[in-house]
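A.B. asks: Following the hints, put chain B in place on chain A, whose structure we already have.
Residue numbers (the UniProt record's numbering), protein chains in the order written: chain A, 1 to 256; chain B, 1 to 256.
If you are wondering where the hints come from, they were derived from the structure by calculation, not from laboratory data.
You may find that some hints are simply not true.
For identical chains, the list gives no copy identity; a pair is met inside one copy or between any two copies.
To be verified - For lysine to aspartate or glutamate, the following EDC-like pairs were computed, each having C-alpha atoms within a straight-line distance of at most 20 Å: (1) 41 - 175; (2) 60 - 138; (3) 233 - 75; (4) 141 - 121; (5) 215 - 144; (6) 78 - 67; (7) 169 - 150; (8) 44 - 183; (9) 169 - 144; (10) 184 - 227; (11) 60 - 121; (12) 41 - 88; (13) 244 - 123; (14) 41 - 227; (15) 78 - 123.
The structure displayed is predicted, hence computed values, not measured ones.
2 protein chains.
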Amino acid sequence: MGERIKCTIQYDGTLFHGFQIQPNKRTVQGELEKALSRVHKGSKIKTVASGRTDSGVHAKGQVIHFDSILSIPSEGWKQALNTQLPDDIYIIDVKRVSSAFHARYGVSQKEYHYIVLNRPDTDVFNRNYSYHFPYEIDIDKILEACRYLEGTHDFTTLSSAKSTVKGTKVRTIYEANCIRQGDKLTFVFRGSGFLYNMVRIMVSVLLDIGQGRRKPEDIPKMIEKKDRSLAGKTIAPQGLYLWKVTYDDQEEINPS
Amino acid sequence: MGERIKCTIQYDGTLFHGFQIQPNKRTVQGELEKALSRVHKGSKIKTVASGRTDSGVHAKGQVIHFDSILSIPSEGWKQALNTQLPDDIYIIDVKRVSSAFHARYGVSQKEYHYIVLNRPDTDVFNRNYSYHFPYEIDIDKILEACRYLEGTHDFTTLSSAKSTVKGTKVRTIYEANCIRQGDKLTFVFRGSGFLYNMVRIMVSVLLDIGQGRRKPEDIPKMIEKKDRSLAGKTIAPQGLYLWKVTYDDQEEINPS
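Just chain A, same shape as in the assembly:
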């Protein structure tokens, strides 16, 4: 019958064409399935993730599951897979879960962080891991705007027009925040789910507000109009991290 395995994964998105497997491109899912295939003596193993991430986007806590006929303790899985994976993907945690666990359908909350380097000079060591914004920012305005993002809204204005989501664009944001530590700004978004490019579009609007190019109270007006063209550009991917995925019940079988 086999077992369902849940993995929590970190990856540096810089050298990947995003998460989702594609022919002739280096993808996170492609590398994961290659490693799994090696562990399973050549058999193809399909992985299911909490969701995709785009080229250049990082993960501190992506979650996937797969089914295996092998019976290996959690620590053994972690070591076997990390040995096979390239050094820009790392499995932090492995759990054996019940077959009711589903990495995509079972998600109850997702948290994304977006990191901005806010100072005149760039930093070569952070060029792939943050967005450089050299202009002065009024963080109080950004925090005021964050309050308008929180709650349940139709996020059509603040997500990609290319979104392939069928049905509602209503989502709930439990937390929208911006934390300054020295010249580093961390935008934090925790919600029921996020539409395509939604975090990157929200950060772009929040930086406009911080710079005084828009006002915090523009947010509810923009949301109400349900018009993507109002929000401006999608900010660069390299500041974005899929930080944490939460599930209602993890139905762990054996925490070995």
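C.D. replies: Then chain B, alone, in the frame of chain A:
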């Protein structure tokens, strides 16, 4: 007659075959001279650095000088060069100096840092910027050993046998230190100068001592024997940063 220009430079060593220019290889000096040549309408401009760095080694404060017939204010130089440089090199500071300034011969002190990630799990985001050491460490032993490194010694044992230095291998270390912040260890070395691979060999020996595989009091005995084979391996380059270069007098002409 022209002017001598001093630049303080940051670079991410990951994608370079070291600092020194080489045919058909991507080097820091090669990229700097390419940028300078563009600014000088195709004329070749030679750069002199405080010293070389190896493949994979980073710089937070490398210093170079070059001579130019152009008359450009410091801020103008900074902008003109950064516009031409790739995004893994960045000029932090430009000063117009007297022709008595020499980036290599005028060095009075150099400071190197070596960063170690000391925890069981690796970190994909730091794989090119630190060395992963998963074993437990006794930092007091390392600090005890650092005291033996400080001072004026013949560092034959603790530098590469391939060193091309003619003359003495006597150097003075003003400061050898190890700072723990959470799971990050920063080794700091400040001295009159360093021999080839010297910092990477010292860190390797200090980690042996921290792990209990050698004793702090082995250091003076090893130094006395002047035998490179006693010190073991040269640790990986990606944890090493040329942090700061100090000059006795900078003879700045015009701090514009």
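A.B. asks: Each hint needs a verdict: does it hold in this structure or not?
C.D. replies: So, going through the hints one by one against the coordinates:
1. 41 - 175: neither (44 Å within a copy, 53 Å between copies)
2. 60 - 138: The answer is neither: 28 Å in one copy and 29 Å across copies each exceed 20 Å.
3. 233 - 75: For residue 233 and residue 75, the Cα distance exceeds 20 Å both inside one copy (43 Å) and across copies (30 Å).
4. 141 - 121: neither (23 Å within a copy, 39 Å between copies)
5. 215 - 144: Result: close within a single copy only, 9 Å intra versus 57 Å inter.
6. 78 - 67: Close inside one copy (15 Å), not across copies (55 Å); limit 20 Å.
7. 169 - 150: Classified as within; 15 Å inside a copy, 64 Å across copies.
8. 44 - 183: neither (46 Å within a copy, 38 Å between copies)
9. 169 - 144: Neither. Shortest intra-copy (23 Å) and inter-copy (62 Å) distances fail the 20 Å Cα cut-off.
10. 184 - 227: Classified as neither; 31 Å inside a copy, 46 Å across copies.
11. 60 - 121: Between copies only: 13 Å across, 26 Å inside.
12. 41 - 88: neither (23 Å within a copy, 40 Å between copies)
13. 244 - 123: Classified as between: cross-chain Cα gap 16 Å, same-chain 26 Å, threshold 20 Å.
14. 41 - 227: neither (51 Å within a copy, 48 Å between copies)
15. 78 - 123: Answer is between; shortest inter-copy Cα gap is 14 Å, intra-copy 34 Å.
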